[in-house]
Amino acid sequence: MQAIPLNHYILLCSIIFSIGVIGVLVRRNAIVIFMSIELMLNSVNLLLTAFSVYRGDATGQVFVFFIMALAAAEVAVGLAIIVMIYRNTNSIDINVLNRLKW
Amino acid sequence: MSTFYFIAFLSIFFSILVITAKNPVHSILYLILTFATFTVHYILMNAQFVAIVNFIVYMGAILVLFLYTLMLINLNKDSEPQKSNTIKIIGFIAGGCFLVAVVAALKAYQTSQLVVLQNPNLGLVKNLGKILFNEYLLPFEVSSILLLSAMVGAVLLATKEPKTT
Numbered sequence: 001m002q003a004i005p006l007n008h009y010i011l012l013c014s015i016i017f018s019i020g021v022i023g024v025l026v027r028r029n030a031i032v033i034f035m036s037i038e039l040m041l042n043s044v045n046l047l048l049t050a051f052s053v054y055r056g057d058a059t060g061q062v063f064v065f066f067i068m069a070l071a072a073a074e075v076a077v078g079l080a081i082i083v084m085i086y087r088n089t090n091s092i093d094i095n096v097l098n099r100l101k102w
Numbered sequence: 001m002s003t004f005y006f007i008a009f010l011s012i013f014f015s016i017l018v019i020t021a022k023n024p025v026h027s028i029l030y031l032i033l034t035f036a037t038f039t040v041h042y043i044l045m046n047a048q049f050v051a052i053v054n055f056i057v058y059m060g061a062i063l064v065l066f067l068y069t070l071m072l073i074n075l076n077k078d079s080e081p082q083k084s085n086t087i088k089i090i091g092f093i094a095g096g097c098f099l100v101a102v103v104a105a106l107k108a109y110q111t112s113q114l115v116v117l118q119n120p121n122l123g124l125v126k127n128l129g130k131i132l133f134n135e136y137l138l139p140f141e142v143s144s145i146l147l148l149s150a151m152v153g154a155v156l157l158a159t160k161e162p163k164t165t
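Read top to bottom, the protein sequences are chains R and X. Letter by letter, the first sequence follows residues 1 to 102 in our numbering. Letter by letter, the second sequence follows residues 1 to 165 in our numbering.
Source of the hints: derived by calculation from the structure; they are not laboratory data. A couple of the hints might just be wrong.
[Unchecked claim] With beta-carbon atoms standing in for the labels, derived distance ranges:
#1 R:ASN88 with X:SER144: 27 to 33 angstroms
#2 R:ASP57 with X:GLU141: 19 to 25 angstroms
#3 R:VAL44 with X:VAL152: 26 to 32 angstroms
Note that the Cβ used here is the ideal one computed from N, Cα and C, for glycine as well.
Input sequences plus hints: build the corresponding full structure.
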C-alpha cells in the first residue's frame with residue numbers, strides 16, 4: 001500500500017477543478033462547456049474519495065455515488081436543452097443566447 | 001509511490017487537452033482518457049465500487065451520450081466558434097487566481113499527513129451497500145425519483161413540438 005500525502009491529492013484536484021473553470025470561461029461551444037463541468041464534478045469526486053480513505057469513513061464514497069447519479073441526470077437534461085437550442089438557432093455558440101444580457 | 005504522480009501528470013495533461021482541443025470530438029476522446037486516469041486513481045485508493053461505477057457510468061454512459069449528441073448536432077471544425085484573445089486571457093487569469101487562492105489556503109493550513117487505508121475493505125461493494133441501504137436509504141430512493149424526472153424531462157425537451165397552429 002502506497003502512502004501519498006493528503007496535500008498532493010488536494011493539489012491535484014484543485015488543479016483539475018481550475019482547469020474546468022478556465023474551460024467554462026474560455027470556450028464558447030456549449031458542449032465543451034458541459035464537458036468542463038463534468039471535469040469539475042469528477043475532481044470533486046476524487047477529492048471526496050481521498051478524504052473518505054484518509055478518514056476511514058465510507059460516507060464519502062456513498063456521496064460520490066449520489067454525485068454520479070446527479071451528474072447523469074444533469075447531463076441528460078442539459079444535452080436535451082442543447083439539442084433544442086441547436087434546433088431553434090442552428091448553432092451551439094452560447095453568444096447567440098444573449099437575451100439575458102444587461 | 002511514483003505511480004500516483006505519473007497518473008496525476010497524465011490526468012492534468014489530458015484535462016488541459018480537453019479544453020484546448022479545437023475539434024469537439026477530440027476533446028470528448030481526451031475526456032474519456034481523463035476519466036480512465038481517474039479510474040486508476042480510485043483503484044490505487046482501493047475504492048473498488050467507485051472505480052467500477054466511474055468506469056461504467058462516466059466512461060460508458062455519459063461520454064457515449066456526449067458523442068451521440070455531437071453526432072446529432074453535426075459540428076465540424078469550421079463551425080467551431082472562437083472567443084477573442086482578450087476574453088481568453090481574462091479567463092486564464094480568473095482561473096489562475098482561483099488556483100492560487102486554493103493553493104495559498106493549503107499552504108496556510110500546513111498539514112501533510114499520509115493517506116493510509118486503515119480498513120482494507122472500506123471501499124468494497126459489501127461494505128458500501130450496507131451503509132447505502134441502512135443509513136442512506138431515503139436519499140437513495142429520492143435519487144431514483146430524480147433520475148426518473150430527468151429522463152421524462154429529457155424526452156419532453158428533445159422531442160419536436162407538434163405544430164398547434
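For each hint, the structure was consulted:
1. Between ASN88 of chain R and SER144 of chain X, the C-beta spacing of about 32 angstroms keeps the proposed range 27 to 33 angstroms intact.
2. For the hinted restraint 19 to 25 angstroms between ASP57 of chain R and GLU141 of chain X, the CB-CB distance of approximately 23 angstroms keeps it satisfied.
3. Take VAL44 of chain R and VAL152 of chain X: their Cβ atoms lie about 27 angstroms apart, and the range 26 to 32 angstroms holds.
Comparing the model with each earlier hint shows no violations; every hint is respected.
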